[in-house]
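Novice: Each chain, letter by letter, is given below.
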Amino acid sequence: MILRSPHFIAGLRACLPVLPGVAAFGAISGVAMVGAGLSPWLAAVMSVVVYAGTAQLAALQLIGAGAPLGVIFLAGMILNLRFMLYSLSISPHLQGLRPRARWLASYFLSDNGYAHTIARIASQPTASGHAEYYLGACTAIWVTWESATVAGIVVGAGIPASWSLEFVVVLTFTALAMASIRDRAAAAAAIAAGITAIAAIDLPFRLGLIAAAIAGIVAGVIAERWTR
Amino acid sequence: MDTLTALLLITLLAATSFVPRASFILWLHRVKLPEFVQRALRFVPAAVFTALVVPQLVFSDGALDIGLHNAKLVAGCAAISFAVVTRNPLVTIIAGMAALHLARNFLGS
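Quick mapping for you: the protein sequence lines, in order, are chains X and Y. Heads up: the first sequence runs through residues 10 to 237, numbered per this note's numbering. Heads up: the second sequence runs through residues 784 to 892, numbered per this note's numbering.
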């Protein structure tokens with residue numbers, strides 16, 4: 010039984026320090042989902058089925074701005090591209106799992122679950138049980154995230170419109186943007202994306218977001234070449 | 784938003800979330816991404832998050848609006864300052880909401 014595996018439990022434990030942060034963002038995302046006009050039930054379904062907070066919030070913001078589903082799909086793909094990188098890097102360590110467990114491992118993949126497992130693999134490359142450790146870490150994150158989201162949905166549904174709760178989404182992305190600017194090249198990416206987003210505001214179908222994302226990525230790559 | 788649109792949205796988003804996650808774990812375990820793609824992907828968060836935020840702060844009712852009377856811009860700048868100083872997302876969000884309401888009440892915006 011995997012739940013009794015010491016590696017699984019070690020993975021759960023390793024995530025304890027980040028759980029308050031995960032709970033806070035989960036609660037905010039629950040509040041923001043109902044703030045953006047989703048009914049509490051659909052917000053809960055979305056949280057479990059999609060399990061990608063930033064893509065969910067971005068999609069709701071884009072829907073509010075009148076973007077068509079195609080653009081929302083593109084934006085979701087771009088925001089979730091990082092999971093492809095995690096998938097690539099963690100995959101060799103999960104190939105011992107049964108096919109069904111690998112489906113679960115795919116659904117479970119999260120920023121924190123990945124980061125903790127990769128840290129263990131880097132520090133103890135020859136240790137056994139990386140896959141169980143990964144599933145343990147991801148379970149801790151998933152349970153915390155989903156319960157916090159439901160709490161946020163319940164609280165958010167009771168907050169009056171005059172509080173402008175929808176602005177929480179914008180502020181969440183502000184905090185995430187600031188956290189992702191760790192060096193000059195990332196700052197260049199952010200500045201180029203911000204300027205392009207303003208200049209391209211009149212593009213049809215809200216394609217300005219896609220144009221800004223591409224401009225930012227290109228600027229980041231160029232800036233990295235220069236500063237090296 | 785009606786229920787049908789919401790369900791369609793959830794299905795679309797589920798695809799954008801599951802496919803990248805499963806890509807190498809389930810399907811492509813023998814494939815390697817070229818290094819320049821990996822380097823470029825590093826800039827996705829900074830670029831996309833900024834692109835989502837900036838128009839929300841500098842436009843109001845579809846027109847460029849830069850000044851103290853734009854409460855959202857004031858709140859956004861406050862949030863950015865708090866993010867730089869505290870590096871704490873929760874503090875950033877709370878400070879931004881407080882600034883929004885302060886700006887509306889005291890700057891008349």
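Just so you know, the hints here were simulated from the structure itself, not pulled from any lab data. Warning: the hint list may mix true and false statements.
Stated by the list, open to error - Part of the chain Y face toward chain X, derived, beta carbon under 10 Å:
1) F819
2) P828
3) G850
Just so you know, even glycine gets a beta-carbon here, dropped at the ideal spot from N, CA and C.
Novice: May I ask which of the numbered hints given earlier this structure violates, with the numbers listed in increasing order?
Specialist: 3
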